[in-house]
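Bring the two chains, given one by one in their own frames, into a single complex with the hints.
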Amino acid sequence: MLEIAQRQPIRWLRRSGLLVLLVVLALLPLLAARGDGDGMVNNSTLFSLTQMLMLVTLASNWNFVSGLTGYIDFGHVAFFGLGAYATGILMSKAGWPFLPTLAVGALSAGAAAVLIGRATMHLKGPYFSIAMLGTFAALREIARVARPLTGGGPGLTLPPYLNRPLFYYLALGQAVLVVALYRWVRRTEFGLMMLGIREDEPGAEMRGVNTIFVKTSAFGLAALSSGIVGGMWAYQNTFIDPDIVFLDSRTIDMAIASVLGGLGTIIGPVIGAGLLYWLRDVVWASFLQWHLIVQGLLLIGIMLVLPNGIIGLLGDRSGLDPRRIWARRRKR
Amino acid sequence: MTEFGQALVNAIMLGGFYALMVIGFSLIWGVMGVINLAHGEFVVVGAYLTWFMNRHVGWEPFVALVVVIPVMFALGYLVQRVLINRIIDRPPLVSLLVTYGLAILIANSLKLAFTGTPRSVTTALSGFWRVADVTIPVVKTIDLMLALAMMAALSLLLTRSRLGKAIRAAAQNRRAARMVGIEIGSVFAVTFGIGIALTGAAGTLFSLTQPIAPFVGLPLTLRAFAITTMSGLGNISGALFGSMALAAVEVFVGTYVPGVGTNLGLVATFVVLVVILITRPQGLFGGLPPAEE
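Protein sequences appear in the order of chains A and B. Residue numbers for the first sequence follow the numbering used here, so the first one is 1 and each next one is one higher. Residue numbers for the second sequence follow the numbering used here, so the first one is 1 and each next one is one higher.
Be a bit skeptical, because a hint or two may be false.
Said to hold, decoys possible - Examples of chain B residues lying across from chain A (beta carbon under 8 Å, computed):
(1) I35
(2) V94
(3) G101
(4) L102
(5) L277
No lab work stands behind these hints, which were simulated from the structure alone. C-beta atoms are modelled at their ideal positions from N, C-alpha and C, and glycine is treated no differently.
Chain B extracted, bound-state conformation (with noise of 0.2 Å):
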């Protein structure tokens, strides 16, 4: 019992995780029709920028997002409009090989500055809760609180601001929304921007709870993928309850079957998406764009 309820507890944790970094990858998959396949590399710099601050300036990481946001927001924002914003309007086959480009360059550069060797960050809040033998660490607590918090705040954004609308009209219906003098360009950056800075501060929570590397990225891309493809495009309720899913196949799988780590939990996943997409092509529960439309 105490297994299973650690296992429960370990399976929110990080089910909060994954939701935080799913939503930007859902968000500019939603909005501008771009799956971003440098997504988990994102997550790596937020990660690594939380440990030069924690590191080198001696910050306690979660005042790192401090700076954490406002940097991946401004690298967003860049990377759409140098990058991604040229290739907006054309097949998806573009956008996968350039992101994935992206990707790689990314990983590389990180390695180059950072070396390949694993860092992790020091924090003041290590220590745990003990609820009926049930371990329940402060820092995934603050993880978990601060990823629904942000959910909430972008949730707030998209259905209650003037911006919020622009980008939900963005999203709808590109050509008309360009007619009723929406710029496209600028909202399809910041809506990038928004996406980042979520994704970077994913890899704030990220950092704290295990070794940064410059090449752990692609798990979590192929995570996001499989979280928005079950959950639907910028779905956001949908992408906790899909990313708590995941979670908890990730972490029942590595508690119950002996000698297997998590990451053998991400080839059930896949196995279960392929099934997923082919059985019901417009996701679980519905929302996901049909291939050729």
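So here's chain A without its partners, still in its complex pose (with noise of 0.2 Å):
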């Protein structure tokens, strides 16, 4: 009891801080409206912004299933890419609006992760991973290849639309439902199974948990969300071809988000993403062709130094230690 009372003002504080920061968030483009682009808040920090909430509900995606589950997906931009074709043909080639689109591209890369995930699920620890990782290849290439749909290697170029702020309001409603959703559905029994078989599959099995089912279920909704960011993204930048849309540092952006801020946490990736966005245009903005490489020694660093992310600093143990992930099991 008593220790529930002690922790009852830090969650009070934590709950005002979260609104106020919503708050905040939400008046931004009000901001960069009146200042007329040249105030504190300007269109390429809106920009950047909503980069950074696409990044969150990437993590976030990517953190359901790799963090929740143990399932670590090395290819989840194949989802993001898939709603960013359905996006950017129907636009580009069949004249649709843009909204229509993103429920196209939702429901085909949910589908898609459905059906691979059936095949790929059944796969265990590393081979998971990799099978992703070429599952992912193999899309790009099948982009690259089916010229007529997809533009192939030249791309496809959408119409320009230049709202910032549409883009922004977007991007920051998706993220905040898809993180209470994710908090929402960690805390009811489908959550439950998914830890269950994040911690001992077969145990979870034997207690009647159907594995297959919620994986896949847990994978599809992941990559429906995916599937919405890629669909604006691509309308946002207006162009796409196979390299860009299915770009293999995307997964590890996901990857680096979660890590850092805790895998397995609902919030960690939240941080870890607006950590590595501020680190990418405060720190390493003026040399740009250094990043992917100070990104590739972060993502060493982390695992070397940082395994439990920054809710592991703060002391909260319920995310999952990477080096905990497959190692349980392989005591027995």
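Structure, rendered in structure tokens:
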């Protein structure tokens, strides 16, 4: 009881802090509109915040699969790519308006994940990771070869639409929704089943958990959300080709954000994504060609010195220590 | 018939390159349990080294092997000492993420050092023989011979030398090997060095058959993984067989299915791979460790 009583002010502080943050984020574009783009918040800040919010969503999706069920997905950007191509093809070839294409992109990414997951989620540990890496490389090749549909290597150009606040609000809305959803799911029975799969899959199976169903549903849900991000990204960028859409460093971004914040926690990827973007904008904006090199070093460094992420540093041990995953089972 | 003969010759030549490329990966995975996701990047480093010696020093690419092998050995030794030995006893996820980070690091450093422009080496051995309308390029023949010779040398090293015995002991049982006085840390470092040296040599062969760019590593890593999964860990003759099989699939798909590059063969390979892993989790010929042992 005492412990709960002591924790209450912290929870209250946390909640009000979160509320203030959300209000500030919601009001930011208004500042931009008033300042004629040269104030503290200009269009490029808004753009980069939008990118950050997209990464928050992507990292949360990645973490939902990789952190909660322990299936490390090295090809998650494949679903982002499917969403981007759905929007790109429907808008530039079929003349669809933007929003319906997001639905199509989400559904096709989700359906693809369920289909692919039905096969690959039978694989364990590193075999799954590399099968997903292969899936992603395969989809990139297909996008390159299927020229009549995807425009092949030269890519597709979408109708330009420069409305930064719109994309910002879409990205913000999605990020808030997705994080809230995952937070809720984690507390439901379904979430417990996911954790059960991570901690001891044969055990979970023996207790009657339909592991394939749980894994593929979680995978499908995360992919659906990544498909929506892909569609928004495509329209905002107004140009897509196989290389910029199926970009392996985007999967790395998701992994770094999750691991940096705290793999297997809900708020970890949010903190990680924010920090990663802040680092990118502030610290190494001046030497851009180095940024992927630094990123590689960062991933290695986190794994060596900070495996529990920032959340772990703050004393929250509810997440997943990457050193522990697959190890507990090994002991038997 | 000519078309078939040509495809067959091409497949054998490509298979030789794959075999040399894959044994380093297979050795490292088999001995240390580390799936090196930066493997393809090491091939590319070897290729760039060859190109550098060729372009700026004027050496014949095959001669550059004299430089490539020791330099790559040293690089591998260093990576193992500084990085991999620290994470070797941890579960595979850590080494996957660390080597993935390493892959990104190497690929982008190469881009910074050599730009993204594709580079090609020049060789005096650009001729070919014609046997019954089938073209057999001289370079690729030497490629194949070198690959076979290096695999034979590795096989001898592993079975006939004290070092080889220590490596095999470390692979079989780390703790027991430590107990009988084997310096595990340095055996692993030497193993990684040998693996990377062979991989760098594969890079030299690679540079002779196609242009080099910083980001061609990932498909190579994936192929190495697919072949190793099919043929089992540290299995040299199995790796040769698996490489030939994969090369045959890629070349024949490329020859007989119009409008398709060899990279789509990779797609086919992965479908086959996933099916194999699901139906036979121990690998096609056994010898693949279960993921949750």
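Now for the hints, and whether the structure bears them out:
| no. | hint | verdict |
| --- | --- | --- |
| 1 | I35 | holds, 5 Å |
| 2 | V94 | holds, 5 Å |
| 3 | G101 | holds, 3 Å |
| 4 | L102 | holds, 7 Å |
| 5 | L277 | holds, 5 Å |
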